[in-house]
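Chains as they are written, first to last, in our numbering: chain A, 7 to 292; chain B, 543 to 978.
Since the hints were derived computationally from the structure, they do not count as laboratory data. Some hints could be false.
[Claimed, not checked] Listed below are the simulated EDC-like cross-link pairs for lysine to aspartate or glutamate, each with C-alpha atoms no more than 16 Å apart in a straight line: (1) B:Lys687 - A:Glu41; (2) A:Lys286 - B:Asp648; (3) B:Lys688 - A:Glu41; (4) B:Lys687 - A:Glu44; (5) B:Lys688 - B:Glu732; (6) B:Lys756 - B:Glu697; (7) B:Lys752 - B:Glu697; (8) B:Lys713 - B:Glu670; (9) A:Lys55 - B:Glu670; (10) B:Lys688 - A:Glu44; (11) B:Lys794 - B:Glu782; (12) A:Lys55 - B:Asp709; (13) A:Lys286 - B:Glu645; (14) A:Lys286 - A:Asp38; (15) B:Lys687 - B:Glu732.
As the structure is a prediction and not an experimental result, all values here were calculated from the model.
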Amino acid sequence: MLREGFASHSSGASAVTVIQASRGWVPLRLSDLWEYREVLYYLVWRDLKVRYRQTLLGVAWAFIQPLFGMVLFTIIFGKLVKVPSDGLPYAVFALAGLVPWNFFSTALTQSSNSLVVNSALLRKVYFPRLLLPLGRVLGCLPDLGLAFGLLLVMAWWYGLRPSPASLAWVPALVGLALLTALAAGIWLSALNVRFRDIQHLVPFLVQLWMFATPIVYPSSLLPPRWRTLYALNPMVGVVDGFRWALLGSGTPPSATMAASALGAVIILATGAFFFRRVEKSFADIV
Amino acid sequence: MSEIAIRAENVSKRYSIGAQRSLNDPMLQDAIAAVVAIPLRKLANLGRRMVGATVPDPVDTSPHTWALHDVSFEVPRGQIIGLIGPNGAGKSTLLKIISRITEPTDGRIEIHGRVGSMLEVGTGFHPELTGRENIYLSGAMLGMKKVDITRRLDEIIAFSGIEKFIDSPVKYYSSGMYVRLGFAVAAHLESEILLIDEVLAVGDVAFQRKCLAKMDDVQQHGRTVIFVSHSMPAVTRLCERAILIAGGVVQKDGPASQVASAYLLASASRSADHEWTDPSTAPGNEVIRLRRLRVRTEDGATTDAPEIHSVIGLEMVYDVLQPGLPLGPSFELSDPSDLCIFSTRDLEPAWRGIPRPAGRYVSTAWIPANFLAEGMHLVRARAICPDPLRLHFDVPNAVAFQVVDRMDGQGARGDWEGNVAGVVRPMLEWTTVLTK
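Let the sequences and hints guide you as you build the complete structure.
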């Protein structure tokens, strides 16, 4: 049973674990994540329990954030700057971008911090470290659910009736947003353990990323030849997908979605291998 | 089923220290530079290899320290083993490696069974959550399954003894309550191998006793335990075997009582012979000065490890500077936990209550063979003048010695090879008659 790194062969009482130094790139061992699923469950459970404890407005914050953004963007970009919105009311156009975006930016910010804020756990107990950024991202899903409900209500209010067939795309779009947040979160959280510069960098990154994503403007503003490259930003596919599925804007963005999925997979795969490679030193340097 | 629970082979762990901007702890700009430089160097090396040149090995010159160096040991299934040593010796690092929190730099560890570790009290606790919620959270972090936690929830709450506050957030707990709850969770871990780091150092005496009882319970369930502690009585009481680690190296591995006393002897840097060469700084006053204390055999040789079946002499050399006073030299013997085993004073008729002329005296107290128990003993020396009552010197823990039992059948243990309880181990006279 001699294997590089931590090899655990658990089958009840006769589990044999071999511990030795790992060198270079190590396998992802995704089965470990499954084995420790209860730890993941409790990490998410803890974040959710604690999030709105001792707040006055509680879970209402999940609505306030996107509503506030919608009002602000509608006044500034919709009314003052008069940014086009593919023929849709600007408010609902902005909200359809803001709902997935808020999920993404919160999930990214939280997961990039996840290792550092849980340093006590890192130093005192073992579990696959990938669970920390993963748990943070999953913990943002309930808020997304609430915000999504708000978006449905708004779309209804504006007389938009999404078809069940296009609504069926929403889980896939949420999945893409989740993987993107996780992918970036994995990279940033691992780097953050060693370079605390990252936590100062993340707000800039989020801001930059927002303007590289069609939140306040429609992606139809871009010259067509740039669109595929642009869509390698996975959030482009997510936001365009949301607008298409819920508001019926444009044609099905299949090319955009494909490029975005590819972009997400690239960041996620590189991030996961990088994370696993540096994971062994987390407890020593965090 | 394998008989070995843990096998560690040449385990080493290196930590970088000092210099912030070494290779192991680079700043971001260095890292970015390295990202460019390393592939270039690899490419250059590849080029050299292709033309047949030798490639220099990368030499790591960054400052580092070995927290563990070539540590090897085996723990059989079901053994409770104490890990002792001074602070910074590498004990906690070893536990962290076994529990997979950090990787060894070198070496290999093979673990048979599920490992539960208890490296702090209240692992994973969140201050905003209630005691009950934290039981689940901490239990899950320590590796318990949700169903097991639910099943043992009442037991855990009862063990913690804080039923009344179990539904309040732990941020309102006193530190004692926090510790109780944390330990209660960990004490119900059901892994086959349990790693415990120093957790008994916290909590009040009654709770510590409860925890020790729980640990005994653990032993009876046949689980393997590695227990780091600075409390030698706890180690000798709970563990059959102990490993002494100092400077990252295994210094001693053997029966817990022997390793513990060897450690105490070494850590107190006490020997069996103490001489005060400068009379002006020696213990005492203008009446009397202590000059030397030592532990000796009947033959007169100094010994720090007398055998259990030999007579042990405690010798005191002192100068009486002011004649005309009666003097009572005395000794007090204690074990490493500061428990006094006995005290004895010089009652020899020739000098009892008799004014002494000036001069150098040598007084020896003889401890009979087969009287003391095995292990470490500390000697306290005093000189008292009974009339007028005055303490002239009092030197606690001045010398120390370790009674050893070679188990050759001459000691009071007879042929029994296990642990023998008791502060002393006298060879008593027994009578047995057949009455029916």
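Hints, verified against the model:
no.: 1; hint: B:Lys687 - A:Glu41; in the structure: holds (11 Å)
no.: 2; hint: A:Lys286 - B:Asp648; in the structure: holds (13 Å)
no.: 3; hint: B:Lys688 - A:Glu41; in the structure: holds (13 Å)
no.: 4; hint: B:Lys687 - A:Glu44; in the structure: holds (7 Å)
no.: 5; hint: B:Lys688 - B:Glu732; in the structure: holds (13 Å)
no.: 6; hint: B:Lys756 - B:Glu697; in the structure: holds (12 Å)
no.: 7; hint: B:Lys752 - B:Glu697; in the structure: holds (14 Å)
no.: 8; hint: B:Lys713 - B:Glu670; in the structure: holds (6 Å)
no.: 9; hint: A:Lys55 - B:Glu670; in the structure: holds (9 Å)
no.: 10; hint: B:Lys688 - A:Glu44; in the structure: holds (7 Å)
no.: 11; hint: B:Lys794 - B:Glu782; in the structure: holds (14 Å)
no.: 12; hint: A:Lys55 - B:Asp709; in the structure: holds (14 Å)
no.: 13; hint: A:Lys286 - B:Glu645; in the structure: holds (6 Å)
no.: 14; hint: A:Lys286 - A:Asp38; in the structure: holds (15 Å)
no.: 15; hint: B:Lys687 - B:Glu732; in the structure: holds (10 Å)
Hint compliance for this structure: no hint is broken.
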